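Trainee: Single-letter residue listing:
2 protein chains.
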Amino acid sequence: MKMGKTGNNKFLKQFNETSLLELIRTNKQISKADLAQLTGLSPTACGIIVSNLLEKSYISEAGIGISTGGRRPNLYGLNPKSYFSIGVDIDVDYIRFILMDITGKVEYRDKIPSGFEQSVSKSIKLIEGKLNQIIQEYEIKEDRLLGVGVSIPGMVDNITHEIIFAPNLGWERVDLEHMMASIGSFPIYIDNEAMCSAICENWIGCCLDQKDFVCINMKSGIGSSIFAGGNLYRGCSGSAGEIGHIMVDHNGIKCACGNYGCLETLVSSKSIVEKAKRLIRQGLIADFTEDLDIDAITIDDIFSSASNGNEAARVILVEAAGYLGLAVANLINTINPSKIVLGKELVRFSEDVLENLKNIAFAKALKYPASRVEIITSEIGEDTSALGAAIIPLKKLFGYRL
Amino acid sequence: MKMGKTGNNKFLKQFNETSLLELIRTNKQISKADLAQLTGLSPTACGIIVSNLLEKSYISEAGIGISTGGRRPNLYGLNPKSYFSIGVDIDVDYIRFILMDITGKVEYRDKIPSGFEQSVSKSIKLIEGKLNQIIQEYEIKEDRLLGVGVSIPGMVDNITHEIIFAPNLGWERVDLEHMMASIGSFPIYIDNEAMCSAICENWIGCCLDQKDFVCINMKSGIGSSIFAGGNLYRGCSGSAGEIGHIMVDHNGIKCACGNYGCLETLVSSKSIVEKAKRLIRQGLIADFTEDLDIDAITIDDIFSSASNGNEAARVILVEAAGYLGLAVANLINTINPSKIVLGKELVRFSEDVLENLKNIAFAKALKYPASRVEIITSEIGEDTSALGAAIIPLKKLFGYRL
Chain H
0 MKMGKTGNNK
10 FLKQFNETSL
20 LELIRTNKQI
30 SKADLAQLTG
40 LSPTACGIIV
50 SNLLEKSYIS
60 EAGIGISTGG
70 RRPNLYGLNP
80 KSYFSIGVDI
90 DVDYIRFILM
100 DITGKVEYRD
110 KIPSGFEQSV
120 SKSIKLIEGK
130 LNQIIQEYEI
140 KEDRLLGVGV
150 SIPGMVDNIT
160 HEIIFAPNLG
170 WERVDLEHMM
180 ASIGSFPIYI
190 DNEAMCSAIC
200 ENWIGCCLDQ
210 KDFVCINMKS
220 GIGSSIFAGG
230 NLYRGCSGSA
240 GEIGHIMVDH
250 NGIKCACGNY
260 GCLETLVSSK
270 SIVEKAKRLI
280 RQGLIADFTE
290 DLDIDAITID
300 DIFSSASNGN
310 EAARVILVEA
320 AGYLGLAVAN
330 LINTINPSKI
340 VLGKELVRFS
350 EDVLENLKNI
360 AFAKALKYPA
370 SRVEIITSEI
380 GEDTSALGAA
390 IIPLKKLFGY
400 RL
Chain C
0 MKMGKTGNNK
10 FLKQFNETSL
20 LELIRTNKQI
30 SKADLAQLTG
40 LSPTACGIIV
50 SNLLEKSYIS
60 EAGIGISTGG
70 RRPNLYGLNP
80 KSYFSIGVDI
90 DVDYIRFILM
100 DITGKVEYRD
110 KIPSGFEQSV
120 SKSIKLIEGK
130 LNQIIQEYEI
140 KEDRLLGVGV
150 SIPGMVDNIT
160 HEIIFAPNLG
170 WERVDLEHMM
180 ASIGSFPIYI
190 DNEAMCSAIC
200 ENWIGCCLDQ
210 KDFVCINMKS
220 GIGSSIFAGG
230 NLYRGCSGSA
240 GEIGHIMVDH
250 NGIKCACGNY
260 GCLETLVSSK
270 SIVEKAKRLI
280 RQGLIADFTE
290 DLDIDAITID
300 DIFSSASNGN
310 EAARVILVEA
320 AGYLGLAVAN
330 LINTINPSKI
340 VLGKELVRFS
350 EDVLENLKNI
360 AFAKALKYPA
370 SRVEIITSEI
380 GEDTSALGAA
390 IIPLKKLFGY
400 RL
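In order, the protein sequences belong to chains H and C.
207 is the number that numbering that gives the first Met the number 0 gives to position 208 of the first sequence; each next residue is one higher, with no gaps.
238 is the number that numbering that gives the first Met the number 0 gives to position 239 of the second sequence; each next residue is one higher, with no gaps.
These are computed hints drawn from the structure, not numbers from a lab.
Some hints could be false.
Identical copies look the same in the list; a pair holds intra-copy or inter-copy alike.
Stated by the list, open to error - EDC-like mimics (lysine to aspartate or glutamate), calculated; alpha carbons at most 16 Å apart, straight line:
hint: 1; residue 1: LYS366; residue 2: GLU171
hint: 2; residue 1: LYS366; residue 2: ASP156
hint: 3; residue 1: LYS31; residue 2: GLU60
hint: 4; residue 1: LYS276; residue 2: ASP294
hint: 5; residue 1: LYS80; residue 2: GLU138
hint: 6; residue 1: LYS121; residue 2: ASP174
hint: 7; residue 1: LYS110; residue 2: ASP92
hint: 8; residue 1: LYS269; residue 2: ASP294
hint: 9; residue 1: LYS80; residue 2: GLU136
hint: 10; residue 1: LYS274; residue 2: ASP300
hint: 11; residue 1: LYS129; residue 2: ASP109
hint: 12; residue 1: LYS55; residue 2: GLU16
As the structure is a computational prediction, the values presented were derived from the model and not from experiment.
Could you build all of it, start to finish, from the sequences and the hints given here?
Mentor: Below you can see the structure in the form of structure tokens.
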């Protein structure tokens, strides 16, 4: 709690209403008497707030409770399909879409190929078409769409919400929130892809009760996000978690950022593919691509060769995992998380590849924080950022800091 | 905001009272009408809470406000010298003491030489004597001492509050909170020294309005603390910010932790002194100690030689600062802080030594977060941890998460 001289007017009134709505969400079914008991507000005050929430359709009657003497009390719960939220994940290969209702249930999901280095305006056009289709198909009234969250593989300013730099899209200084405003009157929330994944893992994934965890996603680049004390941690200008340019190899190759030996030069789909091509051309490893053109090798080829028993492909992945292990050790010491969740392409790491990552991370980290952390792969897969983006408007409704 | 099924009973009632007390603190002088306006609570509800706070002596009448039509309103402010808090900083050279009143004013400060590798029981005896002396001298009644904060140069479990490991004191698995309970009936708060410094900088130092900042302290070891989103970030088990064992030199010497090239092997009073001794013995630098025994060199000798123009001493410090710059670059990328505050021995770095630190940090960090951070030295000096420890019971009173 922190309030300055310029604190919001009437914040306690709003806080009380949001607190009740959140208690109804987390309890699933609850009576007015229990709400009064939990909050310390008077039964009358609770009754007024519950009436307001019913009138706005956020909640509905959800059953009859057990009698504690008198009449059996009405129970209240979130009203399914009353309000909706949409998540959009703009990535280098696809734009993904999720429609979610107020209860967090996914009503619809789809992905459209986006093409590498797509223009901003082309992307907005694709998104506009899909959003209109979803809104019409599900007959979502204007005031029932809580908002659209948009996940971006790049840094987003946490005050202006401008996209600062999304290198793999080729986007720099893009005010997407403003540019998308013409699509509809709903609120738009632009967010970083790793941060969206953390929101997802915390709301519906493997970090439901975790207050302090880190999500690491590998895709074209590598990035992370930090949940600190129960909230997503953004840093002072929105770029917290940018571990891609931490130096892990003193003698490393030059990175696009100008420095040498950055994590991203060793652990990213792009750098892994480039390393494989380099080693094959130099004759340092056997050409495991067989009938493929070396130039056409993708990360999929490396993963499938490795899982088909190709040793050269496996070693490339083991080495990349080892360097990621060094970065993970730094995160364990600095952040002291309870979980580190590996997402996107990292879920394709086989057991023995992951083993190398964990061995190095635990050997290099301090014993105490290392003994408290679990390194796991996400169970949700590629949709974490789209799901997280859809959850943003819900979190806003339930009074969470974004 | 986050509440589970087992949320505290009546938390909103307590929250409302604490919120008003905090508004009175931050506004210094405020009327009941303005409190009602700011909070959205009814004037009657505000009146009842203000009466409670007056009765408990937390606040007192603090003047008469400007009329907005009717009678000029009474203003309320924190009641000076009504409640007190004590901070104790246990370090390798001294145990420091601070007495502070509810308004944050320092009433008393002192330090007692502690001797290196002091025993736990000897330290508790020293502390007990000093606490009793302060309590008697300032005639502090039992119910007016809000608590005693204790700063420790080591990792503290954030659930059990046990000291896990304080290598420079030689303490491991010490339940100091429990062992100090016999001294008095006041609450005791054990905390990490860098975390105490961050609390201090945020409450009365150079980070008053900063939500996201990092404090780095160099002493025998090196540690940091992270303020994230307006709160101290502890991690899942209390050891967040332990940057001393981040690897910054692949070819580095062996660290006490078993790894090689840890930051602490390059940047700490101990490692700087050891490096100086090694270089002098190997004849690699001139002996700048002159009439001193090489074995007796201290960090003070190195700082004073450097400031007296000795080039060898200066270069040792410049190199240490450079390695710290690498760690600072990692923190800028990962944490995206608005300020990095260098404390304890680091405030003795001269301008050109600091320059090397900043140059490397800004060259190695990503441009965007680097453009948003300021690297500064603490203006408070060696008392930050003792002051921060004294502020802990105050923060608890004003409803802050510890």
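Trainee: For every hint, state whether the structure bears it out.
Mentor: Okay, the hints, checked on the actual structure:
1. LYS366 <-> GLU171: Classified as between: cross-chain Cα gap 13 Å, same-chain 41 Å, threshold 16 Å.
2. LYS366 <-> ASP156: Cα proximity of LYS366 and ASP156: across copies only (13 Å, versus 35 Å in one copy).
3. LYS31 <-> GLU60: Close inside one copy (11 Å), not across copies (39 Å); limit 16 Å.
4. LYS276 <-> ASP294: within (7 Å within a copy, 55 Å between copies)
5. LYS80 <-> GLU138: Only inside one copy: LYS80 and GLU138 sit 11 Å apart there, 64 Å across copies, limit 16 Å.
6. LYS121 <-> ASP174: Within one copy only: 15 Å inside a chain, 62 Å across chains, cut-off 16 Å.
7. LYS110 <-> ASP92: within (10 Å within a copy, 63 Å between copies)
8. LYS269 <-> ASP294: within (12 Å within a copy, 53 Å between copies)
9. LYS80 <-> GLU136: within (14 Å within a copy, 66 Å between copies)
10. LYS274 <-> ASP300: within (13 Å within a copy, 50 Å between copies)
11. LYS129 <-> ASP109: within (9 Å within a copy, 68 Å between copies)
12. LYS55 <-> GLU16: So LYS55 and GLU16 pass the 16 Å test inside one copy only (12 Å; across, 30 Å).
In this structure, none of the earlier numbered hints is contradicted; all agree with it.
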